[in-house]
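K.L.:
Chains as they are written, first to last, in my numbering: chain A, 1 to 260; chain B, 1001 to 1256.
Source of the hints: derived by calculation from the structure; they are not laboratory data. Hints are not guaranteed to be accurate.
As the list claims (entries may be wrong) - No more than 20 angstroms apart at the CA atoms, straight line, and that leaves these computed lysine to aspartate or glutamate pairs for EDC-like:
| no. | chain 1 | residue 1 | chain 2 | residue 2 |
| --- | --- | --- | --- | --- |
| 1 | A | K63 | B | E1178 |
| 2 | A | K127 | B | D1036 |
| 3 | A | K63 | A | D78 |
| 4 | A | K198 | A | E182 |
| 5 | A | K63 | A | D51 |
| 6 | B | K1075 | B | D1036 |
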Amino acid sequence: MTALSDVSLTVGKGETIAIVGENGAGKTTLVRHINGLLKPTKGSVLVDGLDTRHTTTATLSRKVGIAFQNPDHQLFSDSVENEVSFAPRNFGFAEELVSRRLDWALNFFGLEQYRKSSPLVLSGGEKKRLTLACILAWDPEVVVLDEPTVGQDSLQKEKLAQIFKMLQSTGKTIVIVSHDVEFLWPIQPRLVVMSGGKVVADGEISKIMADRELLEGARVTQPQLLRLYSGLLSRPASPFLDVHEAREWVGGRRETQEAR
Amino acid sequence: MGRRKAGDAGGQIGAVYWLSGGFVFRRVVSPFHKLDPRVRLLVAMEFFVLSLLASTVASIFLVLLAILLVAAVAKSLRRIGRTIAFSGFFAVFIFAVNFLFGLGLLNAILYSFRFLAIISSTSVFFVTTSPDELEQIMKWMRVPRDIVFAFVTAVRFIPVVMLDAFQIMDAQKSRGLEFERGNIVRRVRNMVPILIPLVVNSVIRSGELAEAMESRAYGSTPKPTSLYAMHLRWYDVAVAVGSLVVLFSVVGTLYI
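Based on the sequences and whatever the hints tell you, model everything.
P.N.:
Spelled out as structure tokens, the structure:
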């Protein structure tokens, strides 16, 4: 069985890309190639000039941090602080640096109060944040997130979006695999659409999301804000990126009509 | 695309996964699969007995050949081959121990091949019998229902737990864990980040399964009926009687 074929993709340093597509399209299989968990049977994958076929996963992981979908597949330590320190220690960081990175990660993800708690007693959202903290603790250049919003409530999603913005501002290369178009839309990443193990579209999210036929083929829904924008008779030059923008515009139009 | 590199830890798990195929049921249409599961169990048990009775190298080869013949009829020769490949390591060990302790070359060969024959006869039964059929056989043997359910569920969950193990290994490798680094103590310690999530997930899953079963009224009927019932047909009887005749004539030739 071939999981992926004819995939040709170049991601620039500091770029944010999102990979969407139907279940079984090959999204997770593709990202598992970035840190060498899977090796291509044909062709090659280069990460910062390193050919993944000839580089160990441990070496590649120093550059690429992957946060997997299910936190329960990685949490094992007796305390949150040991869980976060696990990877930096594996990468041979000095204890002083490990401790500094630990403090930063717990603070950044709001997990300071759980420092001594077992990771297994945290809630679903906290576990998810902890897995992100575990990845960012070693400061990888590329951050890959597999379905980061699954099982998260709206508040957690907002927090995640803020974290993304912060990561973007620090110049990280970010790859997000997600079904959640509402979450991706305000971030405005470069969008890669996959279907049947192939890349069927690659480009600006606003252009791809406007192509309904393509989206239907890959079983991706259009973001609600874009649907609202398309349905307006009078609309601004570019689509709304968040609800506040849309509300302001619609509210402004109503006031103008009432004034008339 | 999507190959696990041979030799790394993923490759090792991949190899274990491949080998486990020698004991996990796959649906195949074959004359052997059409037999009543009780007859399949009988045939496997007869092979088991014959493997124990065979006292010469020639006879154990004959038994092993007969098992492979049945595996070929069951279109499962490749899967049984995996079992033999898996057991090969232990067979070599048995051979070496017996040979080194002075039991002679022929006896060493006999014991190692007897081991292979015993494992293959068990594998012939498990590869051709679905968990449902296993359940029916156990119920027919009047094994208590809860024990049957626990046993069959454990068999069913082997592939699921292996998939879990794969994903956990990938997650920990992505955090810089190198399984093949360091001395034996370090390597054993490296398994802790795999085993803890695996056990925790399995315990959580079993709890969820118990709740789901209770929500679906498991245990509310004192004596539930089965959707499928086992019926002996003429060819089942023919195979059972035929195989018993072969078994008893072999035993007769050997001991009378």
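K.L.:
Does the structure keep A:K198 and A:E182 at a Cα separation of 20 angstroms or less?
P.N.:
violated, 23 angstroms
K.L.:
Given the hinted pair A:K63 and A:D51, is their Cα-Cα distance within 20 angstroms?
P.N.:
At roughly 13 angstroms apart (the allowed maximum being 20 angstroms), A:D51 and A:K63 satisfy the hint.
K.L.:
Has the given pair, B:K1075 with B:D1036, been kept, meaning a C-alpha gap of at most 20 angstroms?
P.N.:
OK: B:K1075 and B:D1036 at ~17 angstroms, within 20 angstroms.
K.L.:
Are A:K63 and A:D78 close enough, with their CA atoms no more than 20 angstroms apart?
P.N.:
Cα-Cα ~27 angstroms, so violated.
K.L.:
With a cut-off of 20 angstroms on the C-alpha distance, tell me whether A:K63 and B:E1178 pass.
P.N.:
Judged against 20 angstroms, a Cα distance of about 16 angstroms means the pair holds.
K.L.:
CA of A:K127 to CA of B:D1036, is that 20 angstroms or under?
P.N.:
violated, 49 angstroms
Consistency with the previously given hints fails for numbers 2, 3, 4, ordered from lowest to highest.
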